[in-house]
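Asks: Sequence:
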Amino acid sequence: LFLLMLLNDRDIMGNYINRPWQNWSAFAIVGFLILANGLYGYTIVFPSA
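Basically the working numbering = 1-based index in the sequence shown + 509.
Hints may contain errors.
Said to hold, decoys possible - So the derived label-pair ranges between C-beta atoms look like this: (1) 556 x 522: 41 to 47 Å; (2) 512 x 547: 17 to 23 Å; (3) 523 x 546: 31 to 37 Å; (4) 550 x 510: 16 to 22 Å; (5) 550 x 526: 18 to 24 Å; (6) 546 x 520: 30 to 36 Å; (7) 557 x 518: 25 to 31 Å; (8) 520 x 551: 36 to 42 Å; (9) 554 x 530: 32 to 38 Å; (10) 520 x 553: 40 to 46 Å; (11) 512 x 551: 23 to 29 Å; (12) 517 x 551: 28 to 34 Å.
It is worth saying that the hints were derived from the structure and are not from the lab. From the three backbone atoms N, C-alpha and C, an ideal C-beta is built for every residue, glycine too.
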C-alpha cells in the first residue's frame, strides 16, 4: 500500500503518477492478496474447520 500511495503523489513522481486503471488493478490485486493471506492464516489457526 505504501508503494501505491507513493506512486500517486504528484509532488514526488511528477508526470509519472499512476493512471486510474492502474490504481484500480493495483488495489484489486492488493485486496486479493490481503484476502488470500487472511484465509491462509485462518486455515493455520483452525486447521479442522
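Asks: So, for every hint listed, does it hold in this structure?
Replies: We went through each hint and held it up to the structure:
The supplied range of 41 to 47 Å is met by residue 556 and residue 522, whose beta-carbon atoms lie about 44 Å from each other. A hinted range of 17 to 23 Å for the beta carbons of residue 512 and residue 547 is consistent with their spacing of about 20 Å. A hinted range of 31 to 37 Å for the beta carbons of residue 523 and residue 546 is consistent with their spacing of about 33 Å. A hinted range of 16 to 22 Å holds for the C-beta pair residue 550 and residue 510, which are about 18 Å apart.
A C-beta distance of roughly 33 Å is found between residue 550 and residue 526, which places it outside the suggested range of 18 to 24 Å. Roughly 31 Å separates the CB atoms of residue 546 and residue 520, a value that falls within the hinted 30 to 36 Å. Under the hint 25 to 31 Å, the C-beta atoms of residue 557 and residue 518, about 46 Å apart, miss the expected range. Checking the proposed 36 to 42 Å range against residue 520 and residue 551 shows it holds: the Cβ atoms sit about 40 Å from each other.
Here the CB-CB span from residue 554 to residue 530 is close to 37 Å, well matched to the stated 32 to 38 Å. Between residue 520 and residue 553 the CB atoms are about 41 Å apart, so this pair conforms to the stated range of 40 to 46 Å. A hinted range of 23 to 29 Å for the beta carbons of residue 512 and residue 551 is consistent with their spacing of about 26 Å. Take residue 517 and residue 551: their Cβ atoms lie about 31 Å apart, and the range 28 to 34 Å holds.
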